[in-house]
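From first to last, the protein sequence lines stand for chains F and X. Numbering-wise (the UniProt record's numbering), the first sequence opens with residue 1 and increments by one. Numbering-wise (the UniProt record's numbering), the second sequence opens with residue 1 and increments by one.
Hints are computed from structural coordinates only; laboratory data are not their basis. There's no promise every hint is true.
Distance ranges between label pairs, derived from CB positions [as the list claims (entries may be wrong)]:
| hint | chain 1 | residue 1 | chain 2 | residue 2 | range |
| --- | --- | --- | --- | --- | --- |
| 1 | X | P179 | F | K103 | 26 to 34 Å |
| 2 | X | N323 | F | E120 | 50 to 58 Å |
| 3 | F | K103 | X | G46 | 36 to 44 Å |
| 4 | F | E280 | X | N205 | 48 to 56 Å |
Where is the CB? At the ideal position from N, CA and C, for every residue including glycine.
Protein chains: 2
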Amino acid sequence: MDGKNNQPCQIYAADIDSIKEAQVRIAPFIHRTPVLSSSTLDSLAGKQLFFKCECFQKGGAFKIRGASNAIFSLDDLEASKGVVTHSSGNHAAAVSLAAKLRKIPAYIVIPENAPKCKVENVKRYGGQVIWSEVTMQSREAVAKKVLEDTGAVLIHPFNDGRIISGQGTISLELLEQVPGIGAIIVPISGGGLISGISLAAKAINPSIRIIGAEPKGADDASQSKVAGRIVTLPETNTIADGLHYLCIGAISLAFKKSFLGFLRPVVRDLVDDIITVSDEEIIKAMRMCYEILKVVVEPSGAIGLAAVLSDQFKQTTAWQESNKVAIIVSGGNVDLAALWDSLGR
Amino acid sequence: MDGKNNQPCQIYAADIDSIKEAQVRIAPFIHRTPVLSSSTLDSLAGKQLFFKCECFQKGGAFKIRGASNAIFSLDDLEASKGVVTHSSGNHAAAVSLAAKLRKIPAYIVIPENAPKCKVENVKRYGGQVIWSEVTMQSREAVAKKVLEDTGAVLIHPFNDGRIISGQGTISLELLEQVPGIGAIIVPISGGGLISGISLAAKAINPSIRIIGAEPKGADDASQSKVAGRIVTLPETNTIADGLHYLCIGAISLAFKKSFLGFLRPVVRDLVDDIITVSDEEIIKAMRMCYEILKVVVEPSGAIGLAAVLSDQFKQTTAWQESNKVAIIVSGGNVDLAALWDSLGR
């Protein structure tokens, strides 16, 4: 793509063209996930809600979209040595699955405190588990060594245009499935999901509002948005701690990284508001997902509903302007025992 | 429809025409439910599985299809006095909801031991709760009195061609959504669901196999099919007892009624096999629905998967002939506390 008006050739790490290319590339490997609705939840929210259920995606989360786009974007020579990532979450399983589909090795660096079931997911999809210590330094050092030893390619969970393009395919599907969407509520993860969704949705219809949803106990994205600079929290405190391996803590920490480098502008420029919700609101929303929507979600999958039901949402332009509100249900990988503990609180 | 060959005008209580009419009639009031799939479950089953998720239906179960077809089939005079049913299950809520949509009263006779949450469902949809004693005699007597007092119309949960036609719309959707289905696995409820599904599916493609799924502890349908006559069990023993208000016990008991009168031939003639599964198999299948499919199901919603994973299924013609197997996930109305108890067993 050529630049114009002296702007750089590509303002963001991805654009509507790269997202449409991703849609074609990954179509054979992913599910076109359904959109669910509930008149009971509509009544509670005062809006028509549309739940884009990525919990039904392959691997139980949206991550396969970005991972398969990145891995099938590699040329044969690049791909031949395999791929590496370090993650204890849904990205690890997605990279393993996409590499299996491409028939190349996947080396997954996993911290030694990772929950067993996530490790099992990686193994089930054929990923080669390489243990590291718990610290980010150790994870990165081990990943670097694996890269050197194997000649494999690093697949970053979000700081990568191919990943963002893959996640952006959610918007293409959603806006086809439900015409007239006025706002999309997106859990703030590493920033890749909300970046891809924003870029695609606003290219199709610039008036669509994008709202990030973040836990109050780890609201660095919200604070950063208000301050106009990166705010680093001394610590985080959210349901993710209580639920062991669930993603909200990791999501909030990792988000800071999306303020670095080329990803920063997407969240800064295209995300209209960030709503923060308490753990109690997340748990209440999870229970509604189970009891009313009949969908198994992890806490980060329910946070969008929690945001829509919050008073904060009623202060946004999105609330004033939109009748049809989409909620991205990002994933459903949850340990039932941990879930029950959290619902019983 | 005119008879031919001296057969009665209508062999069964419903046919493909009445089912297609139902589809048009109920379209404004129901969800077109999605079909989910999972390569992990495909590997376990050795078949391509397609889950028709009626747990996402309005009211959390397929019952609204039949209830709305029956209630919107009434002429204005018939409808004006309202409708009556006796049920403590999903049919009660469905009749309440359909009556609310038609803007007529719904009188729901509920036994005094009915679980609170089911009663709440009825009330939430505006049904008028009328208590009876627990016995079927009392339920029927109270319903009869309500009929006399109000002049309302009885909406039977399954022994009614309009109900069967409504439930049959599932097949029309399913066979549009997934071409090439070779077999459909259906929980044996009162007989209305499997009758409607069989009539529609075999009218479209007579080679489609229909398999009923029934709990071992209440296998009167299976025994009756083998014996060629109605077998009445002295007692039933299934997960329904442990899970309080869940439907399997009621389903199995009620099935006997479908052997009476005009419904008998559908199950006798069009259901190819009935597979019985243990409570342990049902619980295992429920867990898979939660952990792999990410769908909240009640025991009767998971029984189809349990049947497909059973050794018995491998003995059927359906197994030999079919690559694509559909499973009807009939409902997702489950109390989370009771669920957790059963999964923890």
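- Do E280 (chain F) and N205 (chain X) keep their Cβ atoms within the hinted range of 48 to 56 Å? For N205 (chain X) against E280 (chain F), whose Cβ atoms are near 51 Å apart, the range 48 to 56 Å holds.
- Beta-carbon spacing of P179 (chain X) to K103 (chain F) - inside the hinted bounds 26 to 34 Å or not: holds, 29 Å
- Query: Honestly, do K103 (chain F) and G46 (chain X) meet the 36 to 44 Å range at C-beta?
  - Reply: Distance hint for K103 (chain F), G46 (chain X) is violated at roughly 23 Å.
- Query: Is it true that the C-beta distance of N323 (chain X) to E120 (chain F) lies inside 50 to 58 Å, as the hint says?
  - Reply: violated, 28 Å
In this structure, the earlier hints numbered 2 and 3 are contradicted, and the remaining ones agree with it.
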